[in-house]
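Let the sequences and hints guide you as you build the complete structure.
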Amino acid sequence: MLMGLTACGAGGESVARGDSTASADAGPADQPPATGEDRGAKAPVVFTQDQVRRALVDTESAPDGWEGFGAEIDVPHESLKTCRKDTGTQCDGFVALGSSFIRQSISGGRVVFRIYAFNTPGDAATAMKGLAAGERNKAGNQAHPLNVRLDTDDIDAFTGPNTMIVTRLDATLIRITSEDLPPSVPYTELAELQTTRVQEAATPQGTAP
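Residues in the sequence shown are numbered consecutively from 1, following our numbering.
Wrong hints could be hidden among the right ones.
Stated by the list, open to error - No more than 35 angstroms apart at the CA atoms, straight line, and that leaves these computed lysine-lysine pairs for DSBU-like: (1) 138 / 81; (2) 129 / 42; (3) 138 / 85; (4) 85 / 42; (5) 129 / 81.
To be verified - Here are the computed distance ranges between Cβ atoms for each label pair: (6) 72 / 105: 17 to 27 angstroms; (7) 120 / 65: 30 to 40 angstroms; (8) 77 / 183: 29 to 39 angstroms; (9) 142 / 88: 13 to 23 angstroms; (10) 119 / 88: 17 to 27 angstroms; (11) 59 / 107: 16 to 26 angstroms; (12) 43 / 142: 34 to 44 angstroms; (13) 133 / 78: 21 to 31 angstroms; (14) 180 / 134: 12 to 22 angstroms; (15) 48 / 81: 18 to 28 angstroms; (16) 182 / 134: 16 to 26 angstroms; (17) 72 / 120: 24 to 34 angstroms; (18) 60 / 108: 20 to 30 angstroms; (19) 108 / 70: 11 to 21 angstroms.
Rather than coming from a laboratory, the hints here were simulated on the basis of the structure.
Values in this document were obtained by computation on a predicted structure and should not be read as measured data.
The C-beta atom is built at its ideal place from N, Cα and C for all residues, glycine as well.
If you want it as structure tokens, here you go:
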């Protein structure tokens with residue numbers, strides 16, 4: 001229902017679950033292009049603040065060896081300001097934003113999770129492009145490809161002074177960043193945990209179909 005993450009492979013190329021540049025089958029020349037409804041396309045899943053809260057990795061869902069903390073959901077006006085600052089865009093179609101983090105018991109370093117909910121996949125994709133470009137610009141030539149593979153719609157991942165994974169699932173954007181942690185941390189597993197929770201929160205009861 002939501003989207004998948006496929007990050008940089010050994011060659012450093014980001015690979016997504018679907019090729020967004022591929023054109024749809026044209027079909028017979030005398031037939032009009034199929035619409036989303038004709039192809040059985042579903043309406044995008046738009047998260048509420050409550051779904052964002054439930055989806056974030058928190059105290060109870062922190063993996064072994066990590067200490068979890070509660071999710072933080074700011075008021076809409078402040079959340080929009082944060083979205084614009086993070087992505088360098090106007091965050092068109094913005095709905096909600098939430099953050100949480102987990103701390104490693106041994107080193108004290110932490111991983112920060114942030115979920116941005118939008119009205120459409122296009123809104124989320126635009127914000128993701130701005131977010132990834134801004135973070136890569138900050139890292140400069142210290143940014144190196146990070147091999148992360150997940151089942152999402154789009155992904156960008158790199159490591160440098162810190163590690164960042166940004167991915168999109170339908171109309172939901174996910175950012176995972178490290179603070180004072182080495183590249184050897186199992187970031188793919190942490191990203192899988194967060195994207196799975198987003199997928200589960202997309203259902204009415206927050207459970208996988």
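Report the numbers of all earlier hints that the structure fails to satisfy, in ascending order.
none
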